[in-house]
Amino acid sequence: MSDPALIRLSAVTKTYGQGPSAFQALKGIDLAIGQGEFVAIMGPSGSGKSTAMNILGCLDVPTDGSYEFQGVHVERLQRDERALLRRHFLGFVFQGFNLLARTTALENVELPLIYRGHDAGARHAAAREALRQVGLQGWEHHTPAELSGGQQQRVAIARAMVTSPLVLLADEPTGNLDTKTSREIMDLITSFNRDRGITVLMVTHEPDIAAFAGRVVRFVDGRVDSDHRQGEAA
Amino acid sequence: MLWNTLLLALRAIRRNLMRSFLTILGIVIGVAAVITMVTLGNGATKSVSDQIASMGSNLVMVVPGQRFGPGSGGAPNFKSADLEAVRNQISAAEWVAPVVSKSVTAVYQASNWATVVAGSNNDYFRAGNWELAHGRTFSETEERAGKAVCVIGATVREKLFGGQNPVGSEIRIKQFSCEVVGMLKPKGQSAMGSDQDDIVVMPLRTVQRRLSGSQDINRLSVSVRDGASIDAAKRQLTLLLRERRNIAENEEDDFRVMDTRQIAETLTGTTKILTMLLGAVAAVSLLVGGIGIMNIMLVSVTERTREIGIRLAIGALEREVLLQFLIEAVVLSSLGGLIGIALATGASMGLAGVMGVPYIFDPAINIASFLFSAAIGVIFGYFPARRAAGLNPIDALRHE
Ligand SMILES: Nc1ncnc2c1ncn2[C@@H]1O[C@H](COP(=O)(O)OP(=O)(O)OP(=O)(O)O)[C@@H](O)[C@H]1O
Ligand SMILES: [Mg+2]
Chain B
1088 MSDPALIRLS AVTKTYGQGP SAFQALKGID LAIGQGEFVA IMGPSGSGKS
1138 TAMNILGCLD VPTDGSYEFQ GVHVERLQRD ERALLRRHFL GFVFQGFNLL
1188 ARTTALENVE LPLIYRGHDA GARHAAAREA LRQVGLQGWE HHTPAELSGG
1238 QQQRVAIARA MVTSPLVLLA DEPTGNLDTK TSREIMDLIT SFNRDRGITV
1288 LMVTHEPDIA AFAGRVVRFV DGRVDSDHRQ GEAA
Chain R
521 MLWNTLLLAL RAIRRNLMRS FLTILGIVIG VAAVITMVTL GNGATKSVSD
571 QIASMGSNLV MVVPGQRFGP GSGGAPNFKS ADLEAVRNQI SAAEWVAPVV
621 SKSVTAVYQA SNWATVVAGS NNDYFRAGNW ELAHGRTFSE TEERAGKAVC
671 VIGATVREKL FGGQNPVGSE IRIKQFSCEV VGMLKPKGQS AMGSDQDDIV
721 VMPLRTVQRR LSGSQDINRL SVSVRDGASI DAAKRQLTLL LRERRNIAEN
771 EEDDFRVMDT RQIAETLTGT TKILTMLLGA VAAVSLLVGG IGIMNIMLVS
821 VTERTREIGI RLAIGALERE VLLQFLIEAV VLSSLGGLIG IALATGASMG
871 LAGVMGVPYI FDPAINIASF LFSAAIGVIF GYFPARRAAG LNPIDALRHE
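Protein chains in written order, with the working numbering: chain B, 1088 to 1321; chain R, 521 to 920.
So here's chain R without its partners, still in its complex pose (with noise of 0.2 Å):
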């Protein structure tokens, strides 16, 4: 019986090519839609994640001023001084690094490139987590003479070089020149948007005579020893700068502590809740292809209410013609869900690739739209028919 059924069901789909189609295009499009949607979405969220983890999980900024960002909005940059009570008083912190940066244009023979010069020196890397891909990092003779020499990032590299070794060569930097001696590993974009390797890397002395006249401080980046406590070393640090800056106890700070994991929570929480709605217009659209299939189905009821009607006469039992139908709803949904996969899983691939974000295949949201569209198939395809398999199967054929 089930066999025969099937044979019954394949062959009304087929015998009804435009509304089999209309049925499976609109299951497609909404439950392509949806994976798509997500696929990307978790995709986006991933790779900020990576981002911040290329960071270093543990690394804790400290800028003056509350917002996060540049500008300290009049709040006092750091001294030499608070660098090092930092690297003396908290015992969490393993490599502290003053950093001083400023936006400069980068000119090597014929190229130029708009960059950030990094004024600090070479616990600017262990703390950041930096490898070096060519070269040497800085002397401490250079790091306490302030000599002209530079680290570069991958992207200034390319941008000034092209393909070749950067190192020993000069580029021009305002009015002096200097010259690089090493070049960092790429690490991508950070988790702000912007790109970390779009970086030159020189000793804080040299920075501060050079480019920015003061002897001020615009940042500090700590790294957290493995198994410290990054909360209490951020309260340390909290309380350490407090007083060093003199701030009353009813004031606020004046200054913020922040480590990766926060930036990365703020930053993939924004994703995420991008995802969502995408998700959910995508989930809209899944339901006007359900709105679809049901006017097909409402449209086509009175043929098979008589079609229907014919079976009953003829010798069919009522639960052989619900099974066609069952069947028939079924196969035409899960095969609308099976390509809308299908779609999906080239869609997000190629747009993931296009957008430079992982590809990450999400076997819940699959599944769930999968479930989804089977489940529309078979409450607008089955359903009419049920009402009409229990007719007379006189009336079946009478209807109009």
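So here's chain B without its partners, still in its complex pose (with noise of 0.2 Å):
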């Protein structure tokens, strides 16, 4: 399943700043995910989690180490070839929700289909098909303003999946949202993860939000501390 590894981080550090004031964020990761896997990425605060997320999701590079990305090395490439990889491959959920302001839900899910060059046909109905996936059929015209915190996650989601991206990255995706809520976010990534194989990465800090996942990575202190499968859960 996880042969060849879709994602493989080999001895990975970041550090932030430099000189005295330098910090060593993650201390050497390594990591292999393979295509399909649901993995859900816990540990105390400030332990990295993000940061490495960060790196998996090409939004930033590793100080050392290597990140493959279907077998590409993600930090040879130049800013705009990440930015490239990010359009194609990438999906982003994240726990501030990012959509734009007074703008509305189509709107905010057309977004990438509109940097991927789709016409305008293709593009509403591929916005609407994403909403409707998320349960937000009637809400196209409405803004984040007029939307709860839940929906405005779903906004996010359908944003992120309304591409087809190989992997999700979702950062702490309930971590706005009560129980409830999360529970129906959570039953909506499993979903996409079990339904169209999509690779899920998740940073949680609930064990029932990582029960969810097939695989629980813990992080302490820049380094991966266990890496469980779990069986079928939830």
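Some, not all, of what chain R presents toward chain B, calculated at C-beta under 7 Å:
(1) ASN524
(2) ARG535
(3) GLU827
(4) ILE830
(5) ALA833
(6) ILE834
(7) GLY835
(8) ALA836
(9) LEU837
(10) PRO913
(11) ILE914
Distance ranges between label pairs, derived from CB positions:
(12) R:LEU527 with B:ASP1265: 34 to 44 Å
(13) R:PHE881 with B:ALA1232: 44 to 54 Å
(14) B:SER1097 with R:PHE903: 35 to 45 Å
(15) B:ARG1163 with R:ALA884: 50 to 60 Å
Simulated from the structure, these hints should not be mistaken for laboratory data.
Quick caveat, the model's predicted, so the values are computed rather than measured.
All residues carry an ideal CB built from backbone N, CA and C; glycine is no exception.
Dock chain one against chain two, each of which comes alone in its own frame, and use the hints as you go.
Below, the structure written as structure tokens:
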């Protein structure tokens, strides 16, 4: 299942800052993730989870070590090449939703398709379908301010999924939501992983959220502390 | 890519209607103010120079004293011998008209009107480029005998006769009545702001005998022959009159010789300075508008930085984000510039009508203010975005 690996981190370190104030957030991470896996990353605050996610999401580069995505060495790519990787293969869901303000749900979801150069007709259809899949049919023309937190996160998920990415990266996607809404969001993410085979990398603090994943990686102090596969959960 | 980026830019404009509106408004006000001021100033300059041209560009006026205007400051008036001397000795002079002017009240039936009587002869009309609207000029007999006849200007006609033809009617001036034999075509305001058509012309003799009571002449109006140098004519006139008025070598002239071009330069110079002043005041408003735009842009920089972070995270290239912001800035400021130009055109036309100056479209100032507004938009809209687009997407997303 995990062979050949879709994602492979080898001895990845990340140091923020320089000189005496430098801080090493990642101290040598080795991690291989196969196509179609659902991985939860857990660990105490400050252990480097978000730092690792940013590197995995090609938003940032390791200070040292290598990151292969589909066999491509991301750490050797230019800024624009990494942007194109994100555009074509990755979808992001953030804790803080990060939708464009005063922009309708439909336009938010269309955004990645515009950068992909899809024409208007295909774009509208795909965006509507994505919103339908996250249960927001009828909410297409509402702006974030007119939506609840759970609904905003659904829009964000629709935006991440509308391009059918290879990997969905979610950093604490339920961090701002109540238990019931969190569950609905997790059901959605799980279904994308199960039904469409999308690889999911998710950071969470909550064990019952991590329980949705097939594999749990624990970070402690910039290192991988444990890496467990668990049986089909939830 | 361009098309999609244009779409993104237009969406961003629509999304931030208030910000877009304020940006446009800032530019509209600045551009409209500058163009309107300068256009009106140009119109005023043009109208002044037009009026001067209507006096005849080859007219030279000789007045006693050093000041131009009423009162000779003690310098003696001219005599008819001076007139003859100028006529005979200044070869460049085509027509030489003596003028004696007096302020009077003209009465016709129940109407009366305060005006100026100019005592002269038919050379007055020739030298000053006057044309007749009705009737005739003076006959030789009338001039020689000092008959009570007059040719009136359009303003006097209107005030005393309304729309009626005045020719053949009698008007009263002081204690005598005089027959209107002709009416002049209107010329409009003079360069000095006085109404040239507000005049009653009578034979010199008539005015000297009945109004001024002396043989003096207040002014000489000399028209210079076509092709002859006005400066040379002025020099000759000065020399001749200095000699006739016994002015010693080391003394200053006690008279003044002026040509219309000189008057024109003085007066249009004033309106030009005024135009520049108004333009400068208006440019300040353009600048204030620009500062307003800068404010709006800076206030929204946090939100926009996060927006840029989102776009970068979902796979936008830095140059795509920049192009979007550039288009946004250019669209907004050009729109503002165009509306400003339209508004200025309307306002200048309207105000030019009210002020009675011609409307002259000045392409240079229109283009300059348009470019300036575009530059403001680009500087304040684009450069903050440029910094944000260079950020790491993560840092842009975290921006507070
Ligand atoms: N941009 C940065 N500059 C400097 N230090 C940073 C930066 N980002 C993170 N760090 C530091 O790196 C360490 C790891 O941060 P990271 O955000 O990866 O932690 P985390 O595991 O995601 O924590 P949390 O659970 O609180 O989100 C922290 O000590 C943090 O202070
Ligand atoms: Mg984190």
